[in-house]
Amino acid sequence: MNFYRHHKLATAALIAAVALQSFTTKTHAHGLEGDRFFPPTPLTDDPFAVDELSLPEVQYNPASSSRETDVTGSFSKEIFPKFALSVQSTYINLNPVGGPSQSGFSPITFNAKYQLWEVPDHEFILSIGCDFGLGGTGSKELYSYDTYTTYTPNLYIGKGFNELPESLKYLRPLAFTAVVGYDLYSSYSGPPPSNAVEWSGSLQYQLPYLQQHVEDIGLPKPLSDMIPLVEFQMTSPVNWGPQMTTGTIDPGILWEGKYCQISAEASIPINHNSGTAVGGLVQVQVFIDDLFPKIFGHPIFFNDENSNQTDTESTTESK
Amino acid sequence: MRTILIVLFTLAGFSVAQAHAFLDHASPRVGSTGPAPGQVELWMTEDLEPAFTRVKVFDAQNQEVDNKDARISGSTMIVSLPKLAPGTYLVKWSAVATDTHHTTGTFKFTVQ
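Quick mapping for you: the protein sequence lines, in order, are chains A and B. First residue of the first sequence? That's 1 in the numbering used here, and the numbers climb one at a time after it. First residue of the second sequence? That's 1001 in the numbering used here, and the numbers climb one at a time after it.
Source of the hints: derived by calculation from the structure; they are not laboratory data. Bear in mind that the values here come from a model prediction, so they are computed numbers and not experimental data. Heads up, a few of these hints could be off.
To be verified - Listed next, the in silico EDC-like pairs over lysine to aspartate or glutamate satisfying Cα-Cα at most 16 angstroms (straight line): (1) B:K1108 / B:E1064; (2) A:K221 / B:D1024; (3) B:K1108 / A:E163; (4) B:K1108 / A:E198; (5) A:K258 / B:E1064.
What the hints assert, rightly or not - Here are some, though not all, of the chain B residues that point toward chain A, as calculated from beta-carbon distances under 10 angstroms: (6) R1029; (7) S1032; (8) A1036; (9) Q1039; (10) T1100; (11) F1107; (12) K1108; (13) Q1112.
To be verified - Have a look at the derived ranges for each label pair, beta carbon to beta carbon: (14) B:T1033 / A:K258: 27 to 33 angstroms; (15) A:Y259 / B:Q1112: 36 to 42 angstroms; (16) B:R1029 / A:C130: 55 to 61 angstroms.
Note that beta-carbon positions come from the ideal geometry of N, C-alpha and C, so glycine has one too.
Required output: the full structure, derived from the provided sequences and hints.
In structure tokens form, the structure reads like this:
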């Protein structure tokens, strides 16, 4: 099956999902656990199985010899309550020093995610999921073209710091998210790829949380909508002997708007194998459940119209 | 991708763009210390659905102390209070915006 046929199938699946969507009137909140809003961040997939549209994420990495620029788009749709499917593809442009440039699409990646355990009072969520990087769906022009499929079972965690004592109340806006996954591969020809642990995370200081739930210190907009954060994204091969962990540490800022958010981060390689200079990335995340509330923001199947209000009462009363 | 966007924006004609209702500001202010207020007023970022929106005030013993007369109008919610004794109080709100997005939140204020 070629790359373009995969894209057509993915597009058809998305259209079918939208067409199946009933125009009901109850809508789930996106990325909320108790008082905490966990925004999607560029490098750490958030633990929520909700409707999300990332369009685009642009990442520039001048550090590697290939001087790589990536443009990524992804779309996630809640199918059943707390269960979502997503599709992602990346357009890659490589300008290697002293060599011809290459460009094309990475393999299409599908993801299935389920919110397994939530404790709103403790601003905690644990989710499980799996990425499926479909072999043979990327552009053959890229040197990284793979014929094998990658399976990555993932564990997702989100936690807010709301339980800190009064003496540390100015640290309550802190929150972290993390993802740990393990790369597995289908049958392949040629040198075997290394299985690897993929681990990423974000530590955020949420100024909106400070203003709304801890203390209104009078921050003006747009400062009150900002979230300074540090992310990291690492890959640790497990069966290639001397291979070391590679990755980046990515400090940046996130602006949370009404219908979208914009993130900008620097990418600092952690060692020489990860790169030799600082890169950067910019991501625009569209809140499609806010833009199109009658279409998005609720599952396609088993959408319990009364669940929101029940949740409202129980959540409020249990605090 | 172009096909997806065409579908999205075509269907967008059936809906009205709104957003989640978050707290914009409150009186008394979030985390403030001051004299006993006669009411708690919350200004939210979106218009609210009165039938599904709540605001309550609790004391340190988790007893509700407001007069249970919450009024919801537009994007504001108000609940009146009796004369409060010095102490720290917890405001709990639960909001459903007019597009049915649901949010909850809490904050404290202290009466001197």
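Status of each hint after checking the structure:
Proximity of K1108 (chain B) to E1064 (chain B) is assessed by CA-CA distance (about 14 angstroms); at most 16 angstroms being required, the pair is judged to hold. With a C-alpha separation of about 11 angstroms, the suggested pairing of K221 (chain A) with D1024 (chain B) holds against the 16 angstroms cut-off. A C-alpha spacing of about 14 angstroms is found between K1108 (chain B) and E163 (chain A), which places the hinted pair at or below 16 angstroms, so the restraint holds. Distance restraint check for K1108 (chain B) and E198 (chain A): the Cα-Cα separation of roughly 40 angstroms exceeds the 16 angstroms cut-off, and the hinted pair is therefore not satisfied.
As the CA atoms of K258 (chain A) and E1064 (chain B) are separated by approximately 33 angstroms, the hinted pair breaks the 16 angstroms bound. At a threshold of 10 angstroms, the smallest CB-CB gap from R1029 (chain B) to chain A is about 4 angstroms, leaving the interface hint in force. With a cut of 10 angstroms, the hint placing S1032 (chain B) at the interface with chain A holds, because the nearest CB-to-CB distance is about 7 angstroms. Because the closest C-beta pair between A1036 (chain B) and chain A is about 18 angstroms apart, greater than 10 angstroms, the hint is violated.
Using the Cβ-Cβ criterion of 10 angstroms, the hint placing Q1039 (chain B) at the interface with chain A is not satisfied: the shortest such distance is roughly 17 angstroms. At about 4 angstroms, the closest approach between the beta carbon of T1100 (chain B) and any beta carbon in chain A falls short of 10 angstroms, and the interface hint on this residue holds. With its C-beta approaching chain A no nearer than about 5 angstroms, F1107 (chain B) sits inside the 10 angstroms limit, and its interface hint holds. Below 10 angstroms, beta-carbon pairs count as interface contacts, and K1108 (chain B) has one with chain A at about 9 angstroms; its hint therefore holds.
Taking 10 angstroms as the C-beta cut-off, the interface hint given for Q1112 (chain B) is violated, the closest approach to chain A being about 16 angstroms. In this structure the supplied range 27 to 33 angstroms holds for T1033 (chain B) paired with K258 (chain A), their Cβ-Cβ distance being about 31 angstroms. A C-beta distance of roughly 41 angstroms is found between Y259 (chain A) and Q1112 (chain B), which places it inside the suggested range of 36 to 42 angstroms. The hint said 55 to 61 angstroms for the Cβ distance between R1029 (chain B) and C130 (chain A), and at roughly 46 angstroms that hint is violated.
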